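Keeping their order, the protein sequence lines are chains A, B, C and D. So the first sequence is numbered by our numbering: it starts at 31 and just counts up by one. So the second sequence is numbered by our numbering: it starts at 31 and just counts up by one. So the third sequence is numbered by our numbering: it starts at 31 and just counts up by one. So the fourth sequence is numbered by our numbering: it starts at 31 and just counts up by one.
No wet-lab data here; the hints were simulated from the structure. A hint or two may mislead.
Each pair may be met inside one copy or between any two copies, as identical chains are not told apart.
Stated by the list, open to error - DSS-like cross-link-like pairs, simulated, lysine-lysine; straight-line CA separation at most 30 Å:
1. K169 with K256
2. K272 with K191
3. K325 with K272
4. K265 with K169
5. K159 with K75
6. K75 with K325
7. K247 with K325
8. K169 with K75
9. K272 with K169
10. K159 with K325
11. K265 with K313
12. K313 with K272
13. K159 with K265
14. K313 with K269
15. K330 with K272
16. K272 with K75
17. K256 with K325
18. K82 with K272
19. K313 with K253
20. K330 with K253
21. K82 with K325
The structure presented is a predicted model; accordingly, all values stated were derived computationally and were not measured.
4 protein chains.
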Amino acid sequence: MDNYYGPGRNHLFVPGPVNIPEQVLRAMNRNNEDYRSPAIPAMTKVLLEDVKKIFKTITGTPFLIPTTGTGAWESALTNTLSPGDRIVSFLIGQFSLLWIDQMQRLNFNVDVIESDWGAGANLEVLGSKLAADTGHTIKAICIVHNETATGVTNNLAAVRKLLDHYQHPALFLVDGVSSICALDFRMDEWGVDVALTGSQKALSLPTGMGIVCASPKALEASKTSKSVRVFFDWKDYLKFYKMGTFWPYTPSIQLLYGLREALDLLFEEGLDNVIERHSRLAKATRLAVEAWGLKNCTQKEEWFSDTVTALQLLGCLAGVEMILKDVGYPVKLGSGVAAACAFLQNSIPMIPSRI
Amino acid sequence: MDNYYGPGRNHLFVPGPVNIPEQVLRAMNRNNEDYRSPAIPAMTKVLLEDVKKIFKTITGTPFLIPTTGTGAWESALTNTLSPGDRIVSFLIGQFSLLWIDQMQRLNFNVDVIESDWGAGANLEVLGSKLAADTGHTIKAICIVHNETATGVTNNLAAVRKLLDHYQHPALFLVDGVSSICALDFRMDEWGVDVALTGSQKALSLPTGMGIVCASPKALEASKTSKSVRVFFDWKDYLKFYKMGTFWPYTPSIQLLYGLREALDLLFEEGLDNVIERHSRLAKATRLAVEAWGLKNCTQKEEWFSDTVTALQLLGCLAGVEMILKDVGYPVKLGSGVAAACAFLQNSIPMIPSRI
Amino acid sequence: MDNYYGPGRNHLFVPGPVNIPEQVLRAMNRNNEDYRSPAIPAMTKVLLEDVKKIFKTITGTPFLIPTTGTGAWESALTNTLSPGDRIVSFLIGQFSLLWIDQMQRLNFNVDVIESDWGAGANLEVLGSKLAADTGHTIKAICIVHNETATGVTNNLAAVRKLLDHYQHPALFLVDGVSSICALDFRMDEWGVDVALTGSQKALSLPTGMGIVCASPKALEASKTSKSVRVFFDWKDYLKFYKMGTFWPYTPSIQLLYGLREALDLLFEEGLDNVIERHSRLAKATRLAVEAWGLKNCTQKEEWFSDTVTALQLLGCLAGVEMILKDVGYPVKLGSGVAAACAFLQNSIPMIPSRI
Amino acid sequence: MDNYYGPGRNHLFVPGPVNIPEQVLRAMNRNNEDYRSPAIPAMTKVLLEDVKKIFKTITGTPFLIPTTGTGAWESALTNTLSPGDRIVSFLIGQFSLLWIDQMQRLNFNVDVIESDWGAGANLEVLGSKLAADTGHTIKAICIVHNETATGVTNNLAAVRKLLDHYQHPALFLVDGVSSICALDFRMDEWGVDVALTGSQKALSLPTGMGIVCASPKALEASKTSKSVRVFFDWKDYLKFYKMGTFWPYTPSIQLLYGLREALDLLFEEGLDNVIERHSRLAKATRLAVEAWGLKNCTQKEEWFSDTVTALQLLGCLAGVEMILKDVGYPVKLGSGVAAACAFLQNSIPMIPSRI
């Protein structure tokens, strides 16, 4: 028992799952409901409209999938791409590493652009690849907007600019797990084709809802994708959207109540005010880190993340690598200090800037 | 607002999601927790041991996957079988229909044994198929233990007896969604290779946890299965089990707290007492149905379900079929009265025997 | 543990405390708050205005006292009357008996008008007393609006008519514990000087808030009352009302949140609709009682209560009287069947009409 | 709305009401219960035994009264003393001032021993009075164990020593509102006759339960006390204790559940460990106050409170006095800096040492 319940009120200072506001906890403290009753579709219809606002999209189609961020990744990839398709992706930390691992295991052909951990996505290399790809063999660009492990935020507008510059038709898939609702994110303006996040991050809910949003182009691609999928298949969702009952299988009713409350809180404060608040607190956090004599993992100011501040951990790398190798975890060995930081993010006293 | 929150205290009389005990609601009314903190692995370790008891297995390995029953189905199939593998499965109602649809879309070769809706699995035909399959082309028998749509419980011991009689090595995969924790279920004794359930059924939790249990033979099969999978891959879970941190990605902390409380309640009453209680209440429900002049969907006493009592709905079939055809839902058209009942189970006044 | 927590969801079928709506439980599921922070006075100010609506008063002054109905009784009496003052009160059941006992112990001179239990207040006798009291020795008329023990509702408008008819200046004090918010109650129209209720009755909150409302005449009387009092003294409340901080001592913050939600629910449905609902359900309850062959405690239709239906319990009187005599409880011995019913109201299967 | 619900998780840094542990909130998040059902007396019986432990008494009789600390004061005084009785009491801060005001309004003859605010009770003067009182006109010594307003803890053992030295039979009444459960308190060892606290202080519950404990000598005195009382009368409680139903009127069921959980938490940590924890944290708080260049209100180390650290507020006295005089609040005018501190304790940034 002692192990499960600590004394006092628990506050989390890790990049996620984050603290749940008490209003949200109260909203979720409810019995189950029949998901085929009229109440649930009525609520879902409004939720689907409202959730588009966190992506800043008008043309997108959202899916509230009972899964985690990892499942949201799989949903994004398998609905839009076919086995063997060439993907260009960026390896800049633990979470981009894990997504690339997933792409490879799903039999996509991943063209990895690697940076030092602590640096952002290397867009020069992307430019070269796009320039060279006159045959349009690249089917998708996959990028983690905010790499939680290293506190690096990538420049999505610049990626879109490159795609437009080379008039390249590749799909633009974005992991927004530790960015959406807390960092500036503009799905329509930046021409993002699939954006995704998880309920336990900036939405401040329990884990269990993978939120995926697809552009019309991505929906079109899903009609011909040959990747095998059922649970994650958008087609089933779209059928039930059309039918007006919305759910191909049982959703978590409590997470829907929680999402409603979280969106209400978010809209009440104003999405842009929330983003500005994170920016302000992140600056304070970075100043504190500096004052304490610690070193930020993020190498340049242009990549500073306003949701996670990652610190360099000196001297603890060897032991961590040994453990990881032992269990077959797909960590990037020999990557030095930052790698250790990345993997340990949840178990050491890190300083997230999110409140 | 009116649509979401009805007056008074909400009680559910549908086959699921079922009412959550107030103790369980209280246990889940908690903030998030860092899943890499020492508390969560410590709790998970005990939960994994305890959850084996609801399957009545000693040799099985359980997985608590942040997904639904549909995801649990996918996990069971993709971890043990390879595309093209021959599966024998029984079509006796809406849920067996949906699982078969999944098998087909996952590129398995499904050999369907159909019964009238309201009847149980046709084991005679299974016997013939096993007798004929001297080359062991059948890789798995897939069966829904309790078909929620028609209130039919299949005889799993008899399936095992046939497999043993023909010394057939096929894997034995069981959907126990509306049975496990409420009907007699014996994984080890009946030689079940993969058993699965969902949190929102007899465990009386919110939706969001697919609970899958694999026999040593199933684990062995998972090493060579060629089905593409990442989110549902047991390998990732097993790596983290070995590491002692247990979770390849973020679990729902609240569902873990809820599962702990639900298991405590279950063990306090005694699993066999709970099963006996359902049996008693189901008998009373069937007597009431008879007294009201309604007709049970289930055709013979040997198949009577002690968790769901399904009724025949006369005269409403045509409209339902039309809607279904319209949206492309994989319903069995022309199946008569029981089919309508099946699909409408959650939206019409059905009488579940579960309390 | 078994004794405290029953299985399943608990529903109460006693006259009070009644079931708490889940919305109200959620609203109260909150941490303490500093009652000297700006938030609490701001909330209190609005609550005090809104609570006047349940009394149907514009000129009244409400007090939300951290106490029970018994404390609310004491507050009503000691603030308006002085020791030795003559009070006319009606003895028609267990609760009027207890209030009269309190009046006597507080050293008032109580002139009791008794009726058979099951009958309403004898207003003819009141008329005679008022007619005879030309010297205005009667300082107050005290009446229980709805006698919970016997399911009798008294006619308050008729009491006011008598007072007006005889131009009698006596204060008119009303116990509305099991009536206010559920039965028709009109403080201003009926010239009630002090009305009171408890949070755990028709407001559907936990016990712990005695809600007392004083007319300008009652407030005037409180300035000269010589009854000794501190905790229940309205003067202290009025000082803090003037100061704008509202609370002479710490209130229960959670009950304030709960009261806010309860009033919101009440106003949303409409107070008169709520009263009508109780009337409708009470009629159904009385019909059911009749159909079951049981006998209503209430002797005439004019007194039928729409919040509590009390039944006659034959043959159990002797034992009950013995227990009561033993412990010195001020029950009316020898009063027959109805007395037993009265005292046992909470421990036997009674049928309250309230939902 | 904004006024009631602040963003984020609310933490209180005032002397009370204090933060409620989340386990306690969960335990109270329950529907009402029939207080005449078997469960409530069974629970109450154990609670009454367990609550004696927080007073460190074996011979005492506790009362769990649905009221606040002010009501608990009134219960202590009116049950043991008669109007006109001489009480010796100490005026050392706002709460002793308010209690003395209550004594005077209840018509007791209060002999006040005043100290500068920030100093403890003047025991030398008490000694002189006891020495002079050979006729035993002093019926009670009333003392606030821990004066919240000034952060002063009085030496109760020394009071008992004086009483014993002079073989004086006066009752010894102690306000332990901000001490019991957090400071060393020994009812039996120190010969305390009535001790009292409130639920919202060291027990960390919502407001609404006044907890009073009476020695056999106090119970004996209650039999002859001539103070008028009904709601606060111990006699009614004792009747229902004898009867085994325990409650003369409806208790707050939720506070009983909360008390159970609070006591469990307290006993699990160990009452003496909790007291030691407060001592340790109070030392840290005093060091911090010193480091910040602020001045402790408490004048000498022997009086340092381990539950409240009060600070001196320079220069804000005049305005506060004006407000107080205006509304008739019984504040000690002209008492200087500490008085201001006292009254403002909840609305200014004070530093309570309690966690």
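Using 30 Å as the alpha carbon limit, work out where K330 and K272 are close: within a copy, between copies, both or neither. neither (47 Å within a copy, 38 Å between copies)
Between K272 and K169, at a C-alpha cutoff of 30 Å, which is it: within one copy, between copies, both, or neither? within (29 Å within a copy, 37 Å between copies)
Are the CA atoms of K169 and K75 at most 30 Å apart within a copy, between copies, both, or neither? Answer is neither: 32 Å inside a copy and 42 Å across each miss the 30 Å cutoff.
When no copy is specified for K256 and K325, does a C-alpha distance of 30 Å or less occur within a copy, between copies, both, or neither? neither (46 Å within a copy, 45 Å between copies)
How do K247 and K325 come out at 30 Å by Cα distance, when the copy is not named: within, between, both, or neither? Close neither inside one copy (42 Å) nor across copies (50 Å); limit 30 Å.
Have a look at K330 and K253 and pick one of within, between, both or neither, based on CA distance no larger than 30 Å. neither (41 Å within a copy, 44 Å between copies)
Can you tell me if K313 and K253 fall within 30 Å by alpha carbon in one copy, between copies, both or neither? Answer is neither: 44 Å inside a copy and 48 Å across each miss the 30 Å cutoff.
One pair to classify: K313 and K269, alpha carbons no more than 30 Å apart. Within, between, both, or neither? So K313 and K269 fail the 30 Å test inside a copy (46 Å) and across (38 Å) alike.
Cα distance capped at 30 Å. Does K159 pair with K265 within a copy, between copies, both, or neither? Neither. Shortest intra-copy (32 Å) and inter-copy (34 Å) distances fail the 30 Å Cα cut-off.
Check K159 against K75 for me: Cα-Cα at most 30 Å, and say if that holds within a copy, between copies, both or neither. For K159 and K75, neither the intra-copy (41 Å) nor the inter-copy (47 Å) Cα distance is at most 30 Å.
Regarding K272 and K191, is the shortest C-alpha distance of 30 Å or less found within a copy, between copies, in both, or in neither? neither (35 Å within a copy, 45 Å between copies)
Since the copies are identical, ignore which copy is meant and state whether K265 and K169 lie within 30 Å (CA to CA) inside a copy, between copies, both or neither. both (21 Å within a copy, 29 Å between copies)
Violated hints, listed in ascending order, are 2, 3, 5, 6, 7, 8, 10, 11, 12, 13, 14, 15, 17, 19, 20 and 21; each of the other numbered hints is respected by the structure.
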